[in-house]
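Line by line, the protein sequences are chains A and B.
Adding 1107 to a residue's 1-based position in the first sequence gives its number in our numbering.
Adding 179 to a residue's 1-based position in the second sequence gives its number in our numbering.
There could be a bad hint or two in this list.
As the list claims (entries may be wrong) - Just some of the chain B residues that point at chain A, by a computed CB distance under 10 Å:
#1 466
#2 490
#3 492
As the list claims (entries may be wrong) - What follows is a set of in silico ranges between Cβ atoms, one per label pair, in the way DEER data are often shown:
#4 A:1744 to B:232: 27 to 35 Å
#5 B:295 to A:1691: 44 to 52 Å
#6 A:1778 to B:279: 54 to 62 Å
#7 B:206 to A:1596: 46 to 54 Å
#8 A:1192 to B:481: 57 to 65 Å
#9 A:1275 to B:481: 44 to 52 Å
#10 B:206 to A:1471: 43 to 51 Å
#11 B:193 to A:1786: 48 to 56 Å
#12 A:1224 to B:191: 55 to 63 Å
#13 B:332 to A:1471: 33 to 41 Å
To be clear, the hints were calculated from the coordinates, so they are not data collected in a lab.
Idealized CB from N, CA, C, for every residue including glycine.
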Amino acid sequence: MFRATDRDARRRLRCTVTGVVQGVGFRPFVHRLATELALTGFVGNDALAVFVEVQGSGDAVAAFERRLTAEAPPLSAIAAVVATDLPTADETGFAIVASTGGSGARTLVPPDVATCGNCLAELADPADRRYRHPFITCTDCGPRFTIIRDLPYDRPATTMTDFPMCAACAGEYEDPADRRFHAQPVACPDCGPVLWFTEGGARVDGADAAIAAAQRALLDGRIVAVKGIGGYHLACRADSDAAIARLRERKARDQKPFALLARDLAVARGLARIDAAEEHVLTCPARPIVLLRRRFGAPVAEAVAPGNPLLGVLLPYTPVHHLLFAPVPGSTAVPPELLVMTSANLSDEPLCFDDLDAAARLPRLADAVLTHDRPIHVPCDDSVVRVVDGAELPIRRSRGYAPLPVALGRELPPTLAVGGELKNTCCLVDGRNAFCSAHIGDMGNAETTRAFERAVDQLTTLHRLRPEVLAADAHPAYLTRAWAERHAGEPGEPALRFVQHHHAHVVSLLAEHGRIGEPVIGVAFDGTGFGADAAVWGGEILVLGNDTARYRRAGHLLPVSLPGGDAAVRNPCRMALAYLDAAGVPLAEDLPPVAACGRAEFAGVRSLLASGVGTVSCTSMGRLFDAVAALLGVRQRIGYEAQAAIELEIRAQQAQSIEPDGVEPLRFAVRDGVLDHRPVIRGLVAGLRAGEDPGVAAYRFHLAIADAVADCVGRIARDTGIRSVGLTGGVFQNVLLAGACRDRLEQRGLTVLTHHLVPPNDGGLALGQAVVAALAEGG
Amino acid sequence: LAHGSGGKATQTLIEAIFLEAFRNPLLEPLEDAAELTMNGTRLALTTDSFVVSPLFFPGGNIGDLAINGTVNDLAVSGATPRFLTAGFILEEGFPVADLTRIVDSMRAAAEAAGVSVVTGDTKVVQRGKADGCYINTAGVGLIEYPGTLGVATARPGDAVLVSGPIGEHGVTVLLARGELDIEADLVSDTAPVHGLVAELLASTSGVRAMRDATRGGVATILNEVARAADVAVVVDEDAVPVGTEVRGASELLGIDPLYVACEGRIVVIVDGAEADTALAALRRHPLGEQAAVIGRIKEDPPGLVLLNTVFGGTRICDLLVGDPLPRIC
Ligand SMILES: [Fe+3]
Ligand SMILES: [Mg+2]
Ligand SMILES: [Zn+2]
Ligand SMILES: [Zn+2]
Chain A
1108 MFRATDRDAR RRLRCTVTGV VQGVGFRPFV HRLATELALT GFVGNDALAV
1158 FVEVQGSGDA VAAFERRLTA EAPPLSAIAA VVATDLPTAD ETGFAIVAST
1208 GGSGARTLVP PDVATCGNCL AELADPADRR YRHPFITCTD CGPRFTIIRD
1258 LPYDRPATTM TDFPMCAACA GEYEDPADRR FHAQPVACPD CGPVLWFTEG
1308 GARVDGADAA IAAAQRALLD GRIVAVKGIG GYHLACRADS DAAIARLRER
1358 KARDQKPFAL LARDLAVARG LARIDAAEEH VLTCPARPIV LLRRRFGAPV
1408 AEAVAPGNPL LGVLLPYTPV HHLLFAPVPG STAVPPELLV MTSANLSDEP
1458 LCFDDLDAAA RLPRLADAVL THDRPIHVPC DDSVVRVVDG AELPIRRSRG
1508 YAPLPVALGR ELPPTLAVGG ELKNTCCLVD GRNAFCSAHI GDMGNAETTR
1558 AFERAVDQLT TLHRLRPEVL AADAHPAYLT RAWAERHAGE PGEPALRFVQ
1608 HHHAHVVSLL AEHGRIGEPV IGVAFDGTGF GADAAVWGGE ILVLGNDTAR
1658 YRRAGHLLPV SLPGGDAAVR NPCRMALAYL DAAGVPLAED LPPVAACGRA
1708 EFAGVRSLLA SGVGTVSCTS MGRLFDAVAA LLGVRQRIGY EAQAAIELEI
1758 RAQQAQSIEP DGVEPLRFAV RDGVLDHRPV IRGLVAGLRA GEDPGVAAYR
1808 FHLAIADAVA DCVGRIARDT GIRSVGLTGG VFQNVLLAGA CRDRLEQRGL
1858 TVLTHHLVPP NDGGLALGQA VVAALAEGG
Chain B
180 LAHGSGGKAT QTLIEAIFLE AFRNPLLEPL EDAAELTMNG TRLALTTDSF
230 VVSPLFFPGG NIGDLAINGT VNDLAVSGAT PRFLTAGFIL EEGFPVADLT
280 RIVDSMRAAA EAAGVSVVTG DTKVVQRGKA DGCYINTAGV GLIEYPGTLG
330 VATARPGDAV LVSGPIGEHG VTVLLARGEL DIEADLVSDT APVHGLVAEL
380 LASTSGVRAM RDATRGGVAT ILNEVARAAD VAVVVDEDAV PVGTEVRGAS
430 ELLGIDPLYV ACEGRIVVIV DGAEADTALA ALRRHPLGEQ AAVIGRIKED
480 PPGLVLLNTV FGGTRICDLL VGDPLPRIC
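Kindly produce the complete structure, drawing on both the sequences and the hints.
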């Protein structure tokens, strides 16, 4: 290779840029930069990368190389730039060349992005040709992931292929100086998709008329389905108990909180306290639902989030949302400020996103529909995050984040992990990156299985990858495992590896911190995972050495009998009987869970526990939370997953400020890594009978767990010399517990890892599965 | 241990070991009975072993179970049950009075079913080597029904029926062990279904297949149908007849009645156009008074059983795997 040394000598440089560089305005940026520096050459896309060749003075080329990464567009994420000098050529001008397909795609699909400020300004400008155009978008914003059928990301590979551009749009699309240059979803009122409204068979056409009709229906308390970026939502007034009650009935969703779409930050501030970090997440281009601390007297109906001190709030992220909240010129319809916004599906079913499916499912759910004709290729639910100590804690990683990769920091064989059973996601490892799918849902129903297969298809198609390894949870009744078994093992099919549930949780945490291969003590607390001994695990402390693919179970909760499978999970009072029984506490009538059980139920559960019939050994922390919630009279039966544990945390948080003075702390007995909860249960019963406030008791219970974790992990750290501790599993969505554990572990000089990229719950499981299986297969 | 539950493990065991070893065209369909043709006469042949604890339970005992079980396997194959064999494995010291009670029930059951026990065998094993008494019966029946029956013949549009409330035998036996403090006024549904089947087959030529829903319950049968015919079986949860006692006990145990054994209930796959006729025929018979159409055969998704739940969702109803473990995380 030669390199020009003379500063004035002409030089030609080829750069191959990989990462998130398509669909984010990268080529126009390159064009602008090259033109500004008076360079000649070209820029193009293939399925692998963006490639650039520039030619000019040595200074200008050097400046180009530096500014290429320093000034890259805000939505891009450059993984690598490979630069090579070439002999100079005869050429004039700088061109953008047509995309070429390629094999072995490495270019990353960008996530969907909320409408940008420039587009919003045009949307509100009567002089602009896209004034009030519901599909306004540019290189900085709009749908991406959900409309891409294939790579390279170009209009024919998206669902916009059905909308030929008018001359004006084509001009912008082809003008490198325009901010819509090669923005694939670009359109205008003359050539783009159209919006309409239907109710009771009557159709209202025209964007403004449709928006006004939707506003009127919402104001009247009706449920309106709104087609968005990743699927249909159901919207209704946030201040109407009657409307929300109907929404709950139609969705078969009893008590689980609904999210709120607020017109703007000011409206959101009326609902909840929002600090700078929360504001940042709330307004970031991904626009997730952020769980915020509810303001006393927030103007929402009780039914939105009954008894919950948190409210899930998000801000508008599509032009349609913005239009819904604004007055329609010439219309008397009153726009809302705040809407309940929930995915259009029955509880537990996947999001409704294609129009045929919508036609079949929406009539039962919605009174009216505000829809459009731009197809959604893949569904994508809203993401949910909580902000803890200024950092994001993902609860559901989906729209705005998927399919951004997790960089693994090492090369692994192509692997597909099928994830868990609830909150399923799948994950594809492609060399050095792991691509996690959007949230898919709960696998028990047929629709989710179809959604799962579609997600797998999309991941493997976009990455042109045939996995060599399939990874699944070891639970024999997981439908994901059954699916993996049907697709592995035969000649020409990938090898199948089962990964223990909590091992996968711990490794998901290692992977997102780029610490694969580093020793860690993993505290994996969740509801249920299939244990290596065929029991139900969920209160596990695992030790991983340098070989991330192996673990040793160094600690766990003392096992109790779980009576009656999933029925015990749905009825925390039954779990409480199991823990009381194990602790040797007589099951007396004054105890809330005993009182909550009917006579027959009580006798039945007690006989299950006594005989062992219909029971299974269980070390689940989630079940211990359920039991304590029932014992303290907080919640006896649940209407959604983890409800009892969530409410227990709420009570504890509220009581935090009350000093439990002079009270002996609750203590687990920790022996040989076994966290014995019996003294805690007995202590709670004693407190209950002494008239202790349940909130204070709940708070003391949280501290007892943190003490026990610190104690047990501290000993393991001493014995093994391992200084890193990971907190993972759905239980660590509990901010109070996570904080208390972190404080105690850091006091011992240990480094604490928590989740920031993938959820601690089973939504993150696939990442860990993929890494373990890939490593085991020869990574 | 999980190999006896009638679920996925049993299926794997059967396919991996027995089908592999004995593979032949008569065995391959894995129906309840094999169809043999001898001298132009079509015969059905079946065998079944009975292990049940306790041996005596409300509504029956291992004796009538052993007769009815084999009679039913013949009946659902479209055969008229004729001759049975009975083999006994007795634990040393098994009370003669109990054996007499069992054999008396067998005689009564055989009479009721119109079959003769024509040969038998008895072995006594050491104390502790058997759980009191095991019985094996085999049976031969005459197939006069002209059509072809078999779960592989199910096709989209067909209706799925059950002949009565499900799960009563399984729950009765579980409760009869006396370990559970669950009050339920239940008796086993054990009964010979040949009369019911005869009534059905006489009323319509649209029957594709019948199965007695024994171990693994109705759900296991439906999975066999879905796989054998490569169709979807779509069941409406609220159409499935389940008694309140069975429902209550199942809820406590965290099990689904669809997986609980019956000993006198049949699942019928019938041409959709004949569903009403078939239902009426079943209901004319005392054993079928509470028969119901519980679902339909559809094209998609092949190989799966789907349950339309009372909440309006659709759940996949897979083969049972071992003990019911919670899946909720
Ligand atoms: Fe988990
Ligand atoms: Mg049989
Ligand atoms: Zn924009
Ligand atoms: Zn246009």
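Verification of the supplied hints:
A least Cβ separation of about 29 Å between residue 466 (chain B) and chain A goes past the 10 Å threshold, and the interface hint is therefore violated. A cut of 10 Å between beta carbons decides the hint on residue 490 (chain B): the least distance to chain A is about 4 Å, and the hint holds. The interface hint given for residue 492 (chain B) holds, since its Cβ lies 5 Å from the closest Cβ of chain A, which is under the 10 Å cut-off. The hint said 27 to 35 Å for the Cβ distance between residue 1744 (chain A) and residue 232 (chain B), and at roughly 33 Å that hint holds.
Between residue 295 (chain B) and residue 1691 (chain A) the beta carbon distance is about 59 Å. The supplied range of 44 to 52 Å is therefore violated. For the pair residue 1778 (chain A) and residue 279 (chain B), the supplied restraint of 54 to 62 Å holds, since their beta-carbon distance comes to about 56 Å. For the pair residue 206 (chain B) and residue 1596 (chain A), the supplied restraint of 46 to 54 Å is violated, since their beta-carbon distance comes to about 25 Å. Remark: the range hint 57 to 65 Å for residue 1192 (chain A) to residue 481 (chain B) is upheld by a beta-carbon distance near 58 Å.
Between residue 1275 (chain A) and residue 481 (chain B) the CB atoms are about 49 Å apart, so this pair conforms to the stated range of 44 to 52 Å. In this structure the hint that residue 206 (chain B) and residue 1471 (chain A) lie 43 to 51 Å apart at CB holds, the actual value being about 47 Å. The given range of 48 to 56 Å is respected by residue 193 (chain B) and residue 1786 (chain A), whose C-beta atoms sit roughly 49 Å from each other. Range check, residue 1224 (chain A) to residue 191 (chain B): about 60 Å between beta-carbon atoms, so the 55 to 63 Å window is met.
The hinted range of 33 to 41 Å is satisfied by residue 332 (chain B) and residue 1471 (chain A), whose Cβ atoms lie roughly 35 Å apart.
In the structure shown, a violation is registered for the earlier hints numbered 1, 5, 7, in ascending order.
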